[in-house]
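Asks: Each chain, letter by letter, is given below.
Protein chains: 4
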Amino acid sequence: MILRDPVHGLISFTGPVASIVARLLDTAEVQRLRRIRALGLASFAYPGAEHSRFAHAIGSAHVMQRYLRRVQALARELPESDRIDDGSAMVALAAALLHDLGHGPYSHTFETVLRDSPPHEQWTSRILLDPDTEVHKVLVEVDPRMPQMVERLVHGESPIPHLARAVSGTFDVDRCDYLKRDSYMTGVSYGLLDLDWLLESLRLYVPEGAAASGLAVDGNKGLTAVEGFFLARLYMYRQVYLHKAVRAAEYLVRGLFRRLLEIGPQPGTSPAMAKLLRGQTLEVADYLRLDDRALDHAIAQYTESRDEVLRGLARRLLHRRLFKTMQLRPEVDSELAQARLDEALAKAGVQPAYLGAIDRVEVRAYSEDPREDQGLMVLRGRGQLRRLVDVSPVMHGLSREVYVHHRAVFPPEAGDAVGAALAPMT
Amino acid sequence: MILRDPVHGLISFTGPVASIVARLLDTAEVQRLRRIRALGLASFAYPGAEHSRFAHAIGSAHVMQRYLRRVQALARELPESDRIDDGSAMVALAAALLHDLGHGPYSHTFETVLRDSPPHEQWTSRILLDPDTEVHKVLVEVDPRMPQMVERLVHGESPIPHLARAVSGTFDVDRCDYLKRDSYMTGVSYGLLDLDWLLESLRLYVPEGAAASGLAVDGNKGLTAVEGFFLARLYMYRQVYLHKAVRAAEYLVRGLFRRLLEIGPQPGTSPAMAKLLRGQTLEVADYLRLDDRALDHAIAQYTESRDEVLRGLARRLLHRRLFKTMQLRPEVDSELAQARLDEALAKAGVQPAYLGAIDRVEVRAYSEDPREDQGLMVLRGRGQLRRLVDVSPVMHGLSREVYVHHRAVFPPEAGDAVGAALAPMT
Amino acid sequence: MILRDPVHGLISFTGPVASIVARLLDTAEVQRLRRIRALGLASFAYPGAEHSRFAHAIGSAHVMQRYLRRVQALARELPESDRIDDGSAMVALAAALLHDLGHGPYSHTFETVLRDSPPHEQWTSRILLDPDTEVHKVLVEVDPRMPQMVERLVHGESPIPHLARAVSGTFDVDRCDYLKRDSYMTGVSYGLLDLDWLLESLRLYVPEGAAASGLAVDGNKGLTAVEGFFLARLYMYRQVYLHKAVRAAEYLVRGLFRRLLEIGPQPGTSPAMAKLLRGQTLEVADYLRLDDRALDHAIAQYTESRDEVLRGLARRLLHRRLFKTMQLRPEVDSELAQARLDEALAKAGVQPAYLGAIDRVEVRAYSEDPREDQGLMVLRGRGQLRRLVDVSPVMHGLSREVYVHHRAVFPPEAGDAVGAALAPMT
Amino acid sequence: MILRDPVHGLISFTGPVASIVARLLDTAEVQRLRRIRALGLASFAYPGAEHSRFAHAIGSAHVMQRYLRRVQALARELPESDRIDDGSAMVALAAALLHDLGHGPYSHTFETVLRDSPPHEQWTSRILLDPDTEVHKVLVEVDPRMPQMVERLVHGESPIPHLARAVSGTFDVDRCDYLKRDSYMTGVSYGLLDLDWLLESLRLYVPEGAAASGLAVDGNKGLTAVEGFFLARLYMYRQVYLHKAVRAAEYLVRGLFRRLLEIGPQPGTSPAMAKLLRGQTLEVADYLRLDDRALDHAIAQYTESRDEVLRGLARRLLHRRLFKTMQLRPEVDSELAQARLDEALAKAGVQPAYLGAIDRVEVRAYSEDPREDQGLMVLRGRGQLRRLVDVSPVMHGLSREVYVHHRAVFPPEAGDAVGAALAPMT
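Protein chains in written order, with the working numbering: chain V, 1 to 426; chain H, 1 to 426; chain B, 1 to 426; chain S, 1 to 426.
Some hints here could point you the wrong way.
Which copy? The list can't say, so a pair holds if one copy fits it or any two copies do.
Unchecked claim - Okay, derived cross-link-like pairs now, DSBU-like style, lysine-lysine, Cα gap no bigger than 30 Å in a straight line:
{"id": "1", "residue 1": "Lys324", "residue 2": "Lys347"}
{"id": "2", "residue 1": "Lys347", "residue 2": "Lys244"}
{"id": "3", "residue 1": "Lys244", "residue 2": "Lys324"}
{"id": "4", "residue 1": "Lys347", "residue 2": "Lys221"}
{"id": "5", "residue 1": "Lys221", "residue 2": "Lys244"}
{"id": "6", "residue 1": "Lys275", "residue 2": "Lys221"}
{"id": "7", "residue 1": "Lys275", "residue 2": "Lys324"}
{"id": "8", "residue 1": "Lys347", "residue 2": "Lys137"}
{"id": "9", "residue 1": "Lys275", "residue 2": "Lys137"}
Simulated from the structure, these hints should not be mistaken for laboratory data.
Turn these sequences into a full structure, and let the hints steer you where they fit.
Replies: Here is the structure:
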């Protein structure tokens, strides 16, 4: 099985181990990922960003394959228990491919709008463990314990600790793929993340007194590659993931769901979504019917809703008539800002009040993975181990950088009132 | 207005002329293009190919802007009537941006499934000329004659002939953008089309006895760029547009619509689509509601249809269980092949018979635009003009190359029967 | 041993087999390749083209390494005698690295100026076989027969025929590297040659009645990659290798050596060059002292020569005051053109007459390698073999394309006279 | 005049203003830059890095041209005195093209080996102001005051302060070109410096109380571009400019010159170099004869010198047999380390002692240009001005990052002795 991928070039899953990827690709649950855009609403700011979680899943499995090859090349230096046999390799490839199985419509957006609904990670587990899903059946055919092992690995648990880190850690195969892919598709920051060099400078080491290997990078050649990875991440947050237009669109979707919770399911609401709105429990089969298309269709229908609020929000989404935003200083108190915003909205006659919001997100550019005692380690000549932040001033800087996205989001008709009320906070 | 585009880099529409692009981008009809994938079903073969016509429309306007700048740089050599004033420039930019306005669901796929429905070009005209559309209103605000002028230019008519060619000709801004964009998103053939050099080697000339300029390329430096353009086109047809999986998926959609025509609209069919199926005439407003999402939603609903044929086709589309294909020799008689295929399908009990088809498409790698007396011309030293095919053996070769896609498409359960029946034709 | 190469990315020669590359890199004869520009005088037209044969040698060894891996992946399909053991792999890597060892100053330029001196291939043999060279010693250390085996392979002879083709054939590792590298460094045609895909579509097959495998490409996916290879080659000839400024500069060097042959060695001429000019036989050690720097130095000294002709040519080279050129129609008789040119030069008082020349070079875009019975083969489904030119109209076109570079080269002061004399031939 | 550049794509200098670049390119002094490698000895570590200062000079003029266009687009916002008329534009283009005119052999290397010889900046001035040079003549033809104006601007003086910064400042056109070019040619860190976006986010502002504009960047979109610029610079220092092999090679050249100063000019030493060694003053015409080729030739000759030390160093350089290096901790006292190194060398019998050295270089990743009151400024919404380091934690981190290259360099035969002596310092 050979695929052409714009990001990684040729991707090939051949041989008895990798063929599990080909079989999993044909399942309904993996094919469903074609119907979930990786970046949710980001195409409102970056028209190229229409790529799906399906392409990302394949890319993640490809990076995992490269990781496994790299570990194999280092095998002689590893304790027996850290080497990867064919069984573990299959689990690792499956986990990389399937880690996003539980995402709902518009990827991360959906999770935030219905607070009580389980997070996507939990859905991934349920889909993997449900004996009726096709992925489950494919996995079981290989080994009855496999669904469980894949599920555990997706959540960062594995008898081989470095593998757990590679699936879900500070810099894992998931991030390696999406940072590159999202860069490529948006046209932003391309080239910062040098995957070849990153893999080349990868090391495994057994810390004193420990039984298993941890992840490290070669200190002479790896520093730049690692810094590039975290810089790429910071820049993607700054320029794409937290782009003001993207966040403004997210607040439209939040408002829309809040309204639906108030008025209940409307024509266009799919059965699964209706269950959710009514607080009923979803079966796996229900959940799998939730994808971008279900939400897209609902929004299109809502543009003709008799409910004015719902209709307005849906039309804004359909025609890209986004809310306005106003940048606030990081140190401003968000609750105070919210109070002033609410006042201003009231003065401007905006209803319901939740159409305006203070959006505050903090992103740490680098923080040490608590499971790695001292975070990512750097291997210096003669086996010396140093903490990354101690060796690299850039990483030290990044470990202190908290990127704060702090904005008021509000309907444009309240522009003057909000502008006046929040001016001292900008 | 500045945008980041992964294909062209920074795109900026600033100044009094280009600002028309920004205003048109905000209309509902242009925003609708976000909801139409540029390559229809191609993501079944190239997972990256999820990009929309919206991104392509912006790219086309950008290439037009570069074309206009290039013509301006050549202005001194042009007869008065071929120069481009601000008014014509606005018409040109609008035409480039809006040329695809009339596309329906899954781009080209949709047109082929309902033979009586008007082609997308006609819908583009209707949308432009309908006084109720937002694009019409924006255009009229600039100049009451503008909708008409843009509509004419989109169809290759203009008082400035070279501009007509640039919008709709052998190598126009539309192709320049989509060949690059589709390459980028699929990861295929990237780099063949060198837009910088193509524009740099562009020339305009007034043929003897003619009043207006025709399009030419500089013979010393332009040949390679022009060849690259047509090679890129050939390769995209070969590798992407006519990829066997993409065609196989198209036949699923065709079968699905054929079934719908037999059994009438079904639950999930949108009102506009229902009208179409009943042979009723669509209003512009109806048509504008037809987009990928309407069709996506219908297919999702059809997976639960009580009609077995419809349900089967819909499930194949949803889960990517494509028909099989078998390559036939180019010279094989397609009607004969169809007869044999029908026999084989009958023998295998496949019903209805139209689920199998002989798919034959011919693509000429280069044919001279009939409106240009002798096709694209090449300008040699001292003003000599030569036909492109006479000067370039590669182009001469391409002018004779007819790429023939010739395949049988059929349900996998008929594989053995079809294989036996068509073997002599492969 | 890991290197960063701008063209191929990370290059690594590790393990017991590949380590031969690292040892050979440290020899004086391979290090000498740093002092020979790969493209001779091409930097007069493309300022970026200063790269050395050393970088190209490494790149070729890298491509060979990828070729060997690909053959290994196909090993199961190969007859025993076509598989590659460690010994053959070392010979192959060494041959790829060392194939250019015999190049002289300005690469190909040098060979053409002194007709009696042996071609660079012969020097490569002598250097490999001379027991006093460092490369010889490194090779012998591995296996006493190795110098001979490498020497034979460099000239396309090997017990494993497909390996011979890979070192010296229609599309060999040498070309794969230099087409990519020269593109990258000049900024021309980059991206046409898709090495990943080319290797992926490589096949070996045993023709009926033959004992050993020949080279083929997979017919479905390989065609575009192969066409891209030959197109890249054609374009590099057209745009770079036969660029008029590059050729004009070559004629300066030719004139300069012709003058030296008339007047004998001059101050600045190196001892080895003096021997050559006097028709004496060079030892290997002499030859190895000939590099770009020896010629660069001589030219710098000649700018102060008392011989006016020599001085003039040297100054032209130093300050890039190139001869003029005038394009002639391909079908014009070169001897007739030369006669007219000579007349014109005489009339203009240019002396000596050999400062003007008719430069005619023909390049076939594709011709079948005589050692491969029917040229490159294409493998269709079910093992059918077809000739490349029969399957690909583009290749059929290229096989008929002869790119003809036909120009008069002359000192600018004769411009008017030459222009008048040759006008009917342009 | 149109050129193809691998780094910037098409470069074109057309029109009455830019044509000065074409005329200057044809001068002997600019052509001389072809004979000076931009990165000196860096090709010992990065084989691709053979590019010349000539290509860099063209690239710098190209970036200046883009800068001038950007300033023109901002012209309306500028005070009259900051706008750029045709005369200033010509001076600016000439200064960008000619800023490196005074470089000697191996670029920066040469300056460091002969401490008394004037720095290259001074030679640039002398060449520009010398009425006998061809560049001087071309400039004078345009305007008699032009040589002086160009010379002043090269040194960062101009009646238009922002222009002075653009030629010689924290981030000037010189750096913009060389960071990109050196990345491209070495294959390191490519893509970090996003020139398009950098120019797009450029702003000029008039600080309160000031008469002229300073350089700033748009705070919303420019931060990432500016950070990318300084990161690219840091990474190039780390990975290329201060690569241990490159520095080790530099010390070979230093040693070689030190020896020459002891023993005087030797066979192979060019007359100009001989003057320098004897402490005589060089004329401009002498200096212009010093280029890489003169030094290359001398080194080749020295490989046969009767002086053993000189011969040894020359052979090391010719055959890339570099000195060894050993990394020292940044905080180690260099003088102490030198003392220990000297002892170890003495013990190992290495002579002369200066063959070993402690190499310590500090590079600040970002320091504010003292001429800009508070360094690079960032323009926030509503005209607020902030210091770059206050707004960007990454830049704050970089402003504190001092990259310290600290290594002992010594002949390999002293490896054991030096290893033992310096071990506590590593």
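Asks: How would you classify Lys347 and Lys221 at a CA-CA limit of 30 Å: within, between, both, or neither?
Replies: neither (59 Å within a copy, 33 Å between copies)
Asks: When Cα atoms must be at most 30 Å apart, do Lys347 and Lys137 count as within-copy, between-copy, both, or neither?
Replies: Neither. Shortest intra-copy (58 Å) and inter-copy (33 Å) distances fail the 30 Å Cα cut-off.
Asks: Regarding Lys324 and Lys347, is the shortest C-alpha distance of 30 Å or less found within a copy, between copies, in both, or in neither?
Replies: Close inside one copy (17 Å), not across copies (64 Å); limit 30 Å.
Asks: Between Lys275 and Lys221, at a C-alpha cutoff of 30 Å, which is it: within one copy, between copies, both, or neither?
Replies: Neither. Shortest intra-copy (54 Å) and inter-copy (43 Å) distances fail the 30 Å Cα cut-off.
Asks: Is it within, between, both, or neither for Lys221 and Lys244, if the alpha carbons may be no more than 30 Å apart?
Replies: between (37 Å within a copy, 12 Å between copies)
Asks: First find the shortest C-alpha distance between Lys275 and Lys324 inside one copy, then the shortest across copies, and answer within, between, both or neither for a cut-off of 30 Å.
Replies: The answer is neither: 32 Å in one copy and 39 Å across copies each exceed 30 Å.
Asks: Quick one: Lys275 to Lys137, C-alpha cut-off 30 Å, is that within a copy, between copies, both, or neither?
Replies: Within one copy only: 27 Å inside, 42 Å across.
Asks: Give the relationship of Lys347 and Lys244 under a CA distance limit of 30 Å: within one copy only, between copies only, both, or neither.
Replies: within (25 Å within a copy, 61 Å between copies)
Asks: Within, between, both or neither: how does the pair Lys244, Lys324 come out at a Cα-Cα threshold of 30 Å?
Replies: Only inside one copy: Lys244 and Lys324 sit 9 Å apart there, 46 Å across copies, limit 30 Å.
In this structure, the hints that do not hold are numbers 4, 6, 7, 8, in rising order.
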